[in-house]
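Engineer: On the provided structure of chain Y, position chains R and U as indicated by the hints.
Just so you know, the sequences run in chain order Y, R and U. For the first sequence, our numbering assigns the number 1 to the initial residue and increments by one for each residue that follows. For the second sequence, our numbering assigns the number 1 to the initial residue and increments by one for each residue that follows. For the third sequence, our numbering assigns the number 1 to the initial residue and increments by one for each residue that follows.
For the record, the hints were derived by calculation from the structure and aren't laboratory data. Where hints are given, some of them may not hold.
No distinction is drawn between identical chains; accordingly, a pair holds when it is met within one copy or between any pair of copies.
Derived pair list, reagent style DSS-like, types lysine-lysine, alpha-carbon separation capped at 30 Å [unchecked claim]:
#1 Lys168 <-> Lys27
#2 Lys466 <-> Lys307
#3 Lys402 <-> Lys295
#4 Lys295 <-> Lys103
#5 Lys271 <-> Lys202
#6 Lys431 <-> Lys271
#7 Lys172 <-> Lys302
#8 Lys410 <-> Lys431
#9 Lys402 <-> Lys172
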Amino acid sequence: MTELRHITSINDLTNHEIETTFSLADKYLSELGDIRPTGRTRKKRSLTTHRIGRSGHAGAGSILASLFYEPSTRTRLSFESAMLRLGGGTITSSDPATSSAAKGESLADTVRVVSSYADAIVIRHPRDGAAKLAAQYASIPVINAGDGGHEHPTQTLCDLFTLYRREKQRLKNLNNLNVVISGDLRGSRTVHSFVYALARFKARIQFVPGAAGMGLPPHVEWRLRNEFHCLPEDRKAGEDDVDLFYVTADQSHQLSLITPEIGIKMAKAKKAIDVIYVTRFQKERWKDQVQSYMKVDSAFLKDNKYKRTSVLHPLPRVGELDIALDRNPRAAYFQQASFGVPVRMALIAALLDFEGQHSLEKFASGFRPDSHVLYEQPHGIVCANPNCIVHDPLEGLYAANKHYIVDWLKPRLRCFYCENDIENFYVGHKKTRHYGLAGEAGKHMRDVILFADRAAAEAAGYKPRKSLSGAAKA
Amino acid sequence: MTELRHITSINDLTNHEIETTFSLADKYLSELGDIRPTGRTRKKRSLTTHRIGRSGHAGAGSILASLFYEPSTRTRLSFESAMLRLGGGTITSSDPATSSAAKGESLADTVRVVSSYADAIVIRHPRDGAAKLAAQYASIPVINAGDGGHEHPTQTLCDLFTLYRREKQRLKNLNNLNVVISGDLRGSRTVHSFVYALARFKARIQFVPGAAGMGLPPHVEWRLRNEFHCLPEDRKAGEDDVDLFYVTADQSHQLSLITPEIGIKMAKAKKAIDVIYVTRFQKERWKDQVQSYMKVDSAFLKDNKYKRTSVLHPLPRVGELDIALDRNPRAAYFQQASFGVPVRMALIAALLDFEGQHSLEKFASGFRPDSHVLYEQPHGIVCANPNCIVHDPLEGLYAANKHYIVDWLKPRLRCFYCENDIENFYVGHKKTRHYGLAGEAGKHMRDVILFADRAAAEAAGYKPRKSLSGAAKA
Amino acid sequence: MTELRHITSINDLTNHEIETTFSLADKYLSELGDIRPTGRTRKKRSLTTHRIGRSGHAGAGSILASLFYEPSTRTRLSFESAMLRLGGGTITSSDPATSSAAKGESLADTVRVVSSYADAIVIRHPRDGAAKLAAQYASIPVINAGDGGHEHPTQTLCDLFTLYRREKQRLKNLNNLNVVISGDLRGSRTVHSFVYALARFKARIQFVPGAAGMGLPPHVEWRLRNEFHCLPEDRKAGEDDVDLFYVTADQSHQLSLITPEIGIKMAKAKKAIDVIYVTRFQKERWKDQVQSYMKVDSAFLKDNKYKRTSVLHPLPRVGELDIALDRNPRAAYFQQASFGVPVRMALIAALLDFEGQHSLEKFASGFRPDSHVLYEQPHGIVCANPNCIVHDPLEGLYAANKHYIVDWLKPRLRCFYCENDIENFYVGHKKTRHYGLAGEAGKHMRDVILFADRAAAEAAGYKPRKSLSGAAKA
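Chain Y with its partners taken away, still in its complex shape (with noise of 0.2 Å):
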């Protein structure tokens, strides 16, 4: 009996699986034939047309479910053409005005019922820890197409396919790669998913976010430092011994980053930039800063570091990336959207086992680091991320509070569902009922209860802890 995969975030995949999927969008990639997006040629349909065929029965009656809370084009339309590349088929919700979202029905029961209507569900919403949520109930596999700020895992690896193929022609691979990562860097969660993957394939990040407030989320940033091994850059020291450089998204810096003093920050860096990731300026969240956001355009790629920059860009952009530069070789993004179809075709057929010894099934578990002990009560502390799924008023009815206790000396919870962390919070010890603040509250974790503050404490009829030793007793 094997287990149910999903891939609700990047970390549930292992580099291992990451290059089988690869290897696997290779050969589809072949089957479809060279796409040429802004050729104005193509091969005879006919030919194309057969070699679809040879791994258009690898799904044939399967079907894949796409759940749509938020707009979506490309993302959708791309798992809806793997599928079909596939041999399968499709059903499709992607107006929440005129599904059953709208007569107040919640995720949990629509992807428990969709379960028995497909074989996969691919889902896309506005709340943070949604497709986790989704995963809990589905008893299909689910795959997450971006959930809120969290993660957007199937977009890392088009942006990671991408890299692979551009860095093979160079006879390189997806290690060591110096990466710069612009735009909004707390909101997107493509960001999000992207970093967690080039830190395990060992890259230098340099993060120059768009605005002030944009930088990278600070439980994002501590995963990096704390679970990814990365170090931030000491610019006077050699440089290679460095995973990370890291520019802090404060008020100065971000001034002094988005006019041409980026150019001259980003020179003092010897080694030549091989990735720059652009991001929309997303309009809907930042209303009043879009003068100051970063516009990539052949100017800013004059430097020598940028002669082999790769140019990425999840799509779509909105005036951050010069229209003239489509046509520079360096603009990779275009070449990026196209891998969308052998990626996820990839990805859905790993997932549903139809290419025997490429199956995900096969795997024990993704990178996922699984040893955190998870802490769960009906009451008491729940998420900070006010985007979270457990925070919306009827979802949140399906979601227990989950956290995984990642450090409880240095105390540390992380939300189950959204993965954001909350440091400081207080623990109550059932027996003695007597509560403290976590870390010196002593290490037993055994018969505790958590609280957000001292009043939520104390409401449930806890009292101060005296000292450590009496806690300890406990």
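Structural biologist: Positioned in the frame of chain Y, the structure of chains R and U alone reads:
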């Protein structure tokens, strides 16, 4: 040459046809593999897919058109999944705002056109009787997926199939079930289809309206008593000889029904309850009464007579079914939803003659007693149901004023479209130009014109009938 | 290597290609079985399905992408049905509000990306010229399913195919038809495509605008006269030597055309009318004039010259065609709609080379006389049509200012995208820095820059030309 079959009402199918459909659904269910919607493990997909493949050829090349003028996820996706599992394809119009309806196209024109694009149409519409109007103009089979407050016959097939499967495990069958139906009995089209079917399978039905005004519509109750031979239960006499126990939904009753007293009242019935059918609180319809709506939970089910009860719900639920019930073995609602695909596969296959001996074309007609004379006039009396399709300013142009004459002496007309009844009307005799109240105006049904009231009759130039004999002479 | 073919205008197809497409449509129609949209009986589905199965392999593995930025049911569903009947699959984005357009993505980027998801794109868009812009960026064939008020070429194929089938039954063909076109000739894109095709098949066309201001757009009329060789009819001379009878749509004429006098005026033409083409009253465009719009009904058709007339309508109708006509054998509009699937099957198959000898790849180009020089400049004169795609704030960034120079001495430019003409403009000679009114400014077309008016020329630093000879020297 076989006649075109439509499924606009559960009464378009005979009991024998329902059972034939279920035996086909059994076969498809077995081919699909055991669906376990809440399980965390699953069979190897390669095997399942292989099995699906077998029935996957039956409908190859066929197309199902989904025309949804109201929100849906479950019904539409399960129909589309069913067609794909049969090997066919689907075309979908699920948002009135982006269809030709936005340009003012009538349903009649739409279905005539779509009849040349597909092999069957499944339709959902906010107006009662819309499916019947569609069937009148389509040249391919029309399946009603819910028309206003009228019927939802395929939901009833899923409901019945769930009971059929569960009862079969106890070596029982669909006959003589003891059923409680709670919620919005007036507005729920699923209830209307369900009660006709239950009556035909000799069920004992207890109605528990969710609140004041939510009782069964009078015309549905009339049909149950007069056409489906249900009797009101004499609670002082023995119970085994009655079919129907009806709690009138007036104010005083509801007040007692929505509290624990409901349980007490039910407890008075001695027989074990086989089925509780709970329906959604339709907040769009009943704005102010949410607090009085019955909730089914473990406490409710603690009485011994619910020991083996199957709890059904057409879903989505919005609070009337406790989430904590989901893991209770009596909770049958996710199983019920999971049967959507095999049951709809069976219905489509039977309608489109995919499976020789199971074809619905082989049966002459449904249960519906079509012996009633159909009365049609361009002007004059119109359906009294304000939500009937005939009252839609556009669609009404394509709908004749058609009524079945259910009874002439105890006067009762039934709208051909929405099946609501009219009891009091006036009859004018075209030769004598006299009119009188139906029932008193003679038993001649030829050369008559029907009026809703005296004013309409006099406006048309008719004069009051002088005497009974005078009318009889006409 | 064959060139990529797009169908953005009916003039992208030669007459021979149209006939080739129709012979393929004949074959598909026969395989689909005789479609009888208003009939109450049908063939056994098993046979029909079997027949469909035969052509069902032609497109196996191919994918059609529907990108609909405007409401549609008929066109989108018939395209999707066509692709399914050919054995292929479909991916659909039919609601701008739930697509990446909602995030501000340009059409150019969208089609570049979707080019790698599918084998052909069918697009509908509210802007004139949008299909041409899409074709410019796509790397797979683009089919125009209606772009603003420009064209709707596949509707015209369905219209013509209906006439081709009906005339064949009378042992006639598509040539020399006597056609009346009524309604909104200005705003109806279906009319624009239709009249070009009719002119190419030597029809005599009578235009009957539905109301004041609904006459044929001047640039369409100009093309009919000057490029399609139509002549205004001299009603006193013999009629057989003329092709075009044009009723100018000024106020005084309309008043007479919308009353019974229409019939009288038409009666003066001696030849029997082969076709009346009625178009929808577009209430979103003409709010106040609904009462004056012509209605075609049995009374209208009672004149003897309409005895064998085919009444066509692209549907949906909203009152301009009497419902009571539907059963009249002259009513061809449901037949016309029913041909949507075989005609679009044929077009897709021909474009994607599914059927060897019928491939459109074998033809060098369409009817469009591409001998006009294309003039492109980044700034300067822009299309005068305010609804042209070049005026969309976002899409315009991707559209160059491209104009065909239709005539230099009788100056006329034609927008590359929407095909509206500009007649009066100014020409600046880059060497002399002088400008003058086109036509007077010399016949040299090299090293010139075009301006919409004097102000624009002077703002660019150009001075008025002194004399003709001065300009000629340049």
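Engineer: At most 30 Å between alpha carbons: which applies to Lys466 and Lys307, within, between, both or neither?
Structural biologist: neither (64 Å within a copy, 51 Å between copies)
Engineer: If the cut is 30 Å between Cα atoms, do Lys402 and Lys295 qualify within a copy, between copies, both or neither?
Structural biologist: Answer is between: at 27 Å across copies they meet the 30 Å cutoff, but 41 Å inside does not.
Engineer: For Lys271 and Lys202, with the copy left unspecified, which applies at a CA distance of at most 30 Å: within, between, both, or neither?
Structural biologist: within (15 Å within a copy, 70 Å between copies)
Engineer: Is it within a copy, between copies, both, or neither that the alpha carbon of Lys431 lies no farther than 30 Å from that of Lys271?
Structural biologist: neither (58 Å within a copy, 48 Å between copies)
Engineer: Which holds for Lys168 with Lys27 at a C-alpha limit of 30 Å: within a copy, between copies, both or neither?
Structural biologist: The answer is within: 15 Å in one copy meets 30 Å, while 49 Å across copies does not.
Engineer: Which holds for Lys402 with Lys172 at a C-alpha limit of 30 Å: within a copy, between copies, both or neither?
Structural biologist: neither (42 Å within a copy, 43 Å between copies)
Engineer: Reference check for the pair Lys410 and Lys431, CA-CA at most 30 Å: within, between, both, or neither?
Structural biologist: within (23 Å within a copy, 76 Å between copies)
Engineer: Have a look at Lys295 and Lys103 and pick one of within, between, both or neither, based on CA distance no larger than 30 Å.
Structural biologist: Only across copies: Lys295 and Lys103 sit 18 Å apart there, 43 Å inside one copy, limit 30 Å.
Engineer: I want to check one pair: Lys172 and Lys302. Are their C-alpha atoms no more than 30 Å apart within a copy, between two copies, both, or neither?
Structural biologist: within (24 Å within a copy, 67 Å between copies)
In this structure, the hints that do not hold are numbers 2, 6 and 9, in rising order.
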